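Novice: Numbering of the sequence shown is given in the UniProt record's numbering, commencing with residue 1 and proceeding in unit increments.
Hints listed in this document are in silico derivations from the structure and should not be mistaken for laboratory results. If you're wondering where the values come from, they're calculated on a predicted model, not measured in any experiment. A few of these clues could be false.
[Said to hold, decoys possible] Quick list of the computed label-pair ranges, beta carbon to beta carbon:
{"id": "1", "residue 1": "E397", "residue 2": "Q458", "range": "13 to 21 Å"}
{"id": "2", "residue 1": "K445", "residue 2": "E350", "range": "49 to 57 Å"}
{"id": "3", "residue 1": "E427", "residue 2": "T454", "range": "16 to 24 Å"}
{"id": "4", "residue 1": "N53", "residue 2": "A142", "range": "28 to 36 Å"}
{"id": "5", "residue 1": "N14", "residue 2": "S198", "range": "33 to 41 Å"}
{"id": "6", "residue 1": "N53", "residue 2": "S198", "range": "20 to 28 Å"}
{"id": "7", "residue 1": "Q458", "residue 2": "V166", "range": "35 to 43 Å"}
[Said to hold, decoys possible] DSBU-like mimics (lysine-lysine), calculated; alpha carbons at most 30 Å apart, straight line:
{"id": "8", "residue 1": "K223", "residue 2": "K247"}
{"id": "9", "residue 1": "K99", "residue 2": "K265"}
{"id": "10", "residue 1": "K236", "residue 2": "K247"}
{"id": "11", "residue 1": "K57", "residue 2": "K70"}
{"id": "12", "residue 1": "K34", "residue 2": "K149"}
{"id": "13", "residue 1": "K282", "residue 2": "K261"}
{"id": "14", "residue 1": "K432", "residue 2": "K139"}
{"id": "15", "residue 1": "K139", "residue 2": "K223"}
{"id": "16", "residue 1": "K261", "residue 2": "K155"}
Using N, Cα and C, we set each Cβ at its ideal position, and we do this for glycine too.
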Amino acid sequence: MEPSTELFDYFNLNPIDPIVDRFRSNIDEGRNQKTAISTFLNDLINHADEIENNTIKKAFKICLNATNTKLICDEVSVSDFRDLTASIKEQVSYREILKTVIDIAKELGNELDPIAMMRPVHSTVTRLRKTGEVPGYDKTTASLTDALKSETSGKIYRDVAEFWEVNFITNKPWCGLVNRIWASYRDNGQCGSDNVFSSNMDEDAWRRWLHAFRDRYLIQLMKEEDFTEVHQPSVKRRRNEPLVRGKFCHTTIPSQFKGGKTNRKLDIFIESSEIPDCETHKWRDVRVVGEVTSSVEQIGAKFNQLMRYAREIFYSQLLRRFVHGFCLHKDHIEFWIIDRAGAYSSGEFEALKTQEMLVRGLSSYMLMSDEELGLDPIISYNDANRCFVTLTNDNSETEKLEVIPRPVARPETIVSRGSTCFKTKDEKYLIKFSWGTGAKDNEIKFLNRAKNVTGVIQMVSSGKL
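Go ahead and model the full structure; you've got the sequences and the hints to work with.
Specialist: The following block contains the structure:
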């Protein structure tokens, strides 16, 4: 349902102050969040009894009842209501609270506006539906956002169990070093009195804090020799621990980025420390991307922006396996991994009182290997922008081939099998990469059966990565 003027008018005449106060009190007193949210939804449903327009009343009640049922039955997570909790804590207008409730209910009920995924074609051939098949779907930010929402509907997973442990702790050779970075930050005045981390920092203040953090705690870990700046806290790096491999960057105008589908301006991203400082950047070099806001109302918009950036990364980094990202909003941070199947998050961590998870997360990103960052070692470029792929066949034989940098085919979407085709430099062969489907009869088997059949492309070799 869409919030109508009549609905807002009703709640203006019948304020929800007691309902909001009750919810805020339940949260402040440490009550179970799931129970507090469910009680709030029930209170709103009952409060709507006197709406005169039966159609609006019925739609509103059905929408909220369905959402509450999913919450009670654990079909959705408490973290799905984070925007609601944040808006009430921030004491935004009741109109904004009501709009937030309805937006959440719509999203959890998958009530997204239907988007034509492809033009109808009368054929006996079955085709996968992909967002990129609609011409002009990404001409505007709004149309691209709607398309990505449709594409990832039901494939966004928040508060994934053991997300942090698996991706930031277990078997990570840099975990001990991250512990010492955090301890030094905690015990040595953080980033100094001139760069105090707060919940109302604008982008400039956030960047000043970020670069102060880099200068005080990370630069000293970028080379083997000890060159800790005078008067800066020391972080001891042990033998065989990795070096800091990344650097924080940002752009001020969209045209600073090259190699993507569209121009974008990024709040914060991480690229290799080996890349010379320059005003222009390549999407091909982006390792981690982040979004920052001090506005509760912008939380959802910033996540949508993060997904648009992930699409650019997958498009320009042709064999990228997954992308790390984070959203920092007000006093919470949420870490994300986005791959060809969807998006997964750590859930929200408190980022104001101690900044522990913020410091640990950013430090980890700067120490991760290419594999841990989701980069594919198969593809490489030299200084002249020549492109090479290193292949290993089923007989464990390895060969490095030069290919034409611009692929014959690549997906423009996030959720897909990632099918990407390169032509070798001598134009004798076509190399195809694709995520497997798990099907017993796959493309490789069919091509093997069709060997020496006239008019059918001949498979020379195949292998699993």
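Novice: Now look at each hint and say whether the structure bears it out.
Specialist: Consistency of the hints with the structure:
{"no.": "1", "hint": "E397 with Q458: 13 to 21 Å", "result": "holds (19 Å)"}
{"no.": "2", "hint": "K445 with E350: 49 to 57 Å", "result": "holds (52 Å)"}
{"no.": "3", "hint": "E427 with T454: 16 to 24 Å", "result": "holds (21 Å)"}
{"no.": "4", "hint": "N53 with A142: 28 to 36 Å", "result": "holds (29 Å)"}
{"no.": "5", "hint": "N14 with S198: 33 to 41 Å", "result": "holds (37 Å)"}
{"no.": "6", "hint": "N53 with S198: 20 to 28 Å", "result": "violated (45 Å)"}
{"no.": "7", "hint": "Q458 with V166: 35 to 43 Å", "result": "holds (42 Å)"}
{"no.": "8", "hint": "K223 with K247", "result": "holds (13 Å)"}
{"no.": "9", "hint": "K99 with K265", "result": "holds (28 Å)"}
{"no.": "10", "hint": "K236 with K247", "result": "holds (20 Å)"}
{"no.": "11", "hint": "K57 with K70", "result": "holds (20 Å)"}
{"no.": "12", "hint": "K34 with K149", "result": "holds (26 Å)"}
{"no.": "13", "hint": "K282 with K261", "result": "holds (12 Å)"}
{"no.": "14", "hint": "K432 with K139", "result": "holds (28 Å)"}
{"no.": "15", "hint": "K139 with K223", "result": "violated (44 Å)"}
{"no.": "16", "hint": "K261 with K155", "result": "holds (23 Å)"}
In summary, the numbered hints that this structure violates are 6 and 15.
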